[in-house]
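Trainee: Sequence:
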Amino acid sequence: MILWFGRDTTFSVDEMDLFMETPDLDLRGAFEPHVGHLILTTRILYRAIFSTFGVGYLPFQLLTVGVVILNAGLFLAYASRRIGKLAALAPALVLLVFGSDPLHVLAGNGFTIIGALACGLGALLALDRGDRKGDVIAAGLLCLGVVTYSVALPFVVGVAISILLRRDRWQRAWIFLVPVALYFAWWLWTLGLDSSSEGELAPRDVLLWPSWAYQSLSAVLGALAGLDYSFGDGGSE
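Per my numbering, the very first residue in the sequence shown carries number 1; after that it's consecutive.
Note that these hints are calculated values from the structure, not bench results. A hint or two may mislead.
Claimed, not checked - Listed next, with one range per pair, are the computed distances between beta-carbon atoms:
1. H37 to G158: 15 to 23 Å
2. F19 to R166: 41 to 49 Å
3. I83 to A213: 18 to 26 Å
4. G36 to G73: 35 to 43 Å
5. L188 to D8: 36 to 44 Å
6. G84 to L27: 40 to 48 Å
7. A185 to M20: 21 to 29 Å
8. L207 to F53: 40 to 48 Å
9. I44 to V178: 46 to 54 Å
Even for Gly, the Cβ is constructed at its ideal location relative to N, Cα and C.
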């Protein structure tokens, strides 16, 4: 369905930026912020796909399809352990066929956001194992998530809260401290870049989080209800 509805889709504005940057991409460029975000994984993947398959858009769409399916599957597995498979199926299907979000479902660069979400969900599943292997996987996925897109940061917070509520909190604190240190080191590095001024995070921004959370929640609920869908021009002009 995603490939069919997105058959006429082409590179977005963000992807055109990546396309123009790819030929001269070096280590420094890979870590440079994109509108205030670290998108290391996306830059590397786009460089690899452009070099291997050329400028055709299908490989990027297949990448997005893959992470959409993966994201829904990981959520189903995680939620099933807590509310049962039947109850978990409904929200998982929403993630699978969330047609109100074409920007991140039909476009190739949807991988950036959804891939980071998948890393966070995978980390939560790995943490459920309760053993050293699971802890290593969780930390690795959180690190991969934060270098993919900043939406992985709430999962780092969630994992931190989960660990700090346990008796062995100090033995396992490294699971969230490693990705936090990684992202914080990158953020400090960006302070000296001219490109970091646009969309740059600042300590005072923490005061805006409640407002941002409320706006995000209202946008999600509106999209789920179809309230933001255009059912026709309706002669509004």
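Trainee: Each hint: holds or not?
Mentor: Verification of the hints:
Checking the proposed 15 to 23 Å range against H37 and G158 shows it holds: the Cβ atoms sit about 19 Å from each other. Restraint check, F19 to R166: a C-beta distance of roughly 46 Å satisfies the suggested window 41 to 49 Å. The beta-carbon spacing between I83 and A213, approximately 23 Å, falls within the hinted interval of 18 to 26 Å. The hinted window of 35 to 43 Å between G36 and G73 is violated, with their beta carbons roughly 30 Å apart.
The hinted window of 36 to 44 Å between L188 and D8 holds, with their beta carbons roughly 43 Å apart. Between G84 and L27 the Cβ separation comes to about 47 Å, which falls inside the hinted range of 40 to 48 Å. A beta carbon spacing of about 27 Å between A185 and M20 agrees with the range 21 to 29 Å that was offered as a hint. About 45 Å separates the C-beta atoms of L207 and F53, a value consistent with the hinted range of 40 to 48 Å.
The hinted window of 46 to 54 Å between I44 and V178 is violated, with their beta carbons roughly 20 Å apart.
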